[in-house]
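Following the hints, position chain E against chain B.
2 protein chains.
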Amino acid sequence: MIIQGNSIINKIDRNDDIIYVLLAGSTEISKIPGISAAGENSELTFLTPVLDSEIIYSGKCISYDVIPMTENGIPTPSIITRAANLVSGVDILIVDAGFYESPKIPYLHTKLGPANDPRKQEALTKYDVAVETGRYIGRMLDKKYKYIVLAESVPGGTTTAYMVLRSLGYDYMTSSSMKSGPDQLKRKVADEAFQRYKPVNNAMDSMIQYGDYMMALATGISGAVRNSTIMYAGGTQMACVYLLDKIINKSHEKRYIFTTGYIINDRGDLLSDIAGGNIIYAKTNFSGIQGLDYYEQGYVKEGTGFGAAFGIAYVINKNENLIYDEIKKVYNSFL
Amino acid sequence: MIIQGNSIINKIDRNDDIIYVLLAGSTEISKIPGISAAGENSELTFLTPVLDSEIIYSGKCISYDVIPMTENGIPTPSIITRAANLVSGVDILIVDAGFYESPKIPYLHTKLGPANDPRKQEALTKYDVAVETGRYIGRMLDKKYKYIVLAESVPGGTTTAYMVLRSLGYDYMTSSSMKSGPDQLKRKVADEAFQRYKPVNNAMDSMIQYGDYMMALATGISGAVRNSTIMYAGGTQMACVYLLDKIINKSHEKRYIFTTGYIINDRGDLLSDIAGGNIIYAKTNFSGIQGLDYYEQGYVKEGTGFGAAFGIAYVINKNENLIYDEIKKVYNSFL
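Sequence lines, in order, name chains B and E.
Its first residue numbered 4, the first sequence is counted upward by one per residue in my numbering.
Its first residue numbered 4, the second sequence is counted upward by one per residue in my numbering.
One chain only, chain B, in its complex shape (with noise of 0.2 angstroms):
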């Protein structure tokens, strides 16, 4: 079985239904040193989310030329979900949720710019805006696709999560972009936070104080989507994603975590914590290819929703091979 979980994934069967919608951007949390993998230096954390859009639309790198990898050599998992993509044949919309700079391809342009540092200031001043961007947004996709998958690109994005959801109670470490995660550093980057402005258990409030703009676009998405099922394709992140919108937008059906494996072996007990049966996820393999194989040894355990984009492929196409193949040749293609 390759995907688990929640029965609803068997009700799927028409890529037509289906819309994968891609929230990136950035925050100025990603820039401390150690806090995220997702770029080649902290600095390069803010042109992931450029990079990343470019990769699941168009199978590129466009605005630079430069191979979508760490320092250590381990690929973006874009690669991934374009292959995936490709494979289950949805549509796809990429949103700005505070890029740095503008990908060239098509996206919804919102302008929002990064979430700053909230060690030193609220973290989302157009937090109003926002939300109010999410909510067109959903109005647009309600009913329109059955299931609207959404999924993030946010370097430094398990950091704002993990304050958001402990300002919240829940204090579980997030998952991270590394194999060991920076959890030290996420509680001494979240203590400064919380001495700047004292957390008050309201959602909202955490959002705009320790979030960033994926966040709040999520959230007023859902708040707009009365029919369609939300999938929430990600890890730690789109679990406090999850516990947002349950206690912003209230009423709670069809909304589901999508994830993979990897996020269940290390922080499966968050997960059911927030979302209960809510929760699916894709067991992929990667062993034997290159670069990827380091998913298998843990370094990466989700990012722009790829657990949900095979998971997908897999029950359109029932077909594992085709999809690990595509991924091999857009990795390639890389190369």
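Honestly, the hints are just simulated from the structure, not real lab data.
Do not take every clue at face value.
No copy is singled out in the list; a pair is fine if it fits within one copy or between any two copies.
Claimed, not checked - Below, a list of computed lysine-lysine pairs in the DSS-like style, where the Cα atoms sit at most 30 angstroms apart:
no., residue 1, residue 2
1, 129, 332
2, 63, 107
3, 34, 149
4, 257, 286
5, 253, 201
The following block gives chain E in isolation, referenced to the frame of chain B:
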């Protein structure tokens, strides 16, 4: 009867089925003094698509604190479109068809940039990207909406349309945003462009040499739309797109021009020569509405698809006064 032309209009009854898409952008052509009245002066015509987009999405000019009128005090038709769309409650999508600068609202970013002056060089150096982007948009909207309304905000666009039409053997004068169109100037501009590059009666070539990105996006969208009905919302510019679409995309079912009574009076011959019976128009009357009464004198005949927007609002609500009242409200909010 407010709506006339083709009975297809009677099939429309649900706002869920309709999306209004604004293709907004610039061409260097609008900077030729005397070509366009869409802006307080010829330099400012570059801002009109930006402000029209902001008005249609938000009801406000955000980027600049201006009253969106020509130097004679004639308001932009986007005020009418905004009001009509509010009444009908259709989804709206703003698409960057060559913005000079980014509007401060959510929109589909393409970064095509303004089209070049065809007297000096090829107009659409990014033609392929524009068509590919159009196809992407078309695939996303197809089937999701029964009716896709494609409108434009392209100052100078009646001149590019004139050149493309004439190069394809349709030697009709196009409409204008002025009471008496600058027909002689348009002919002179075309003559100069044709001197640089002699027309070869090839639709794609004409668009690349003399056109604007609105045309390229629209034909790309139509090329990918197999199920939905497209309504080209506009006057002679949209008649030109209808023609390009017919030639380039061959099959031409479910394609209509949706315009105003002003255009039918002004250039009805051109429209029916190109689209035969596939024309719908809304007969509006702005007498007694301050500013908009200029429209009754023939100053503005189309723009931002206000004929279609008005017509659809009427078909859905069957209440003309409701629309006029909302138009007055939006108009007054700018004073």
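The hints, checked one at a time:
1. 129 to 332: between (40 angstroms within a copy, 28 angstroms between copies)
2. 63 to 107: both (10 angstroms within a copy, 28 angstroms between copies)
3. 34 to 149: Neither: 37 angstroms inside a copy, 46 angstroms across copies.
4. 257 to 286: Within one copy, since 22 angstroms is at most 30 angstroms while 45 angstroms is not.
5. 253 to 201: Classified as within; 25 angstroms inside a copy, 64 angstroms across copies.
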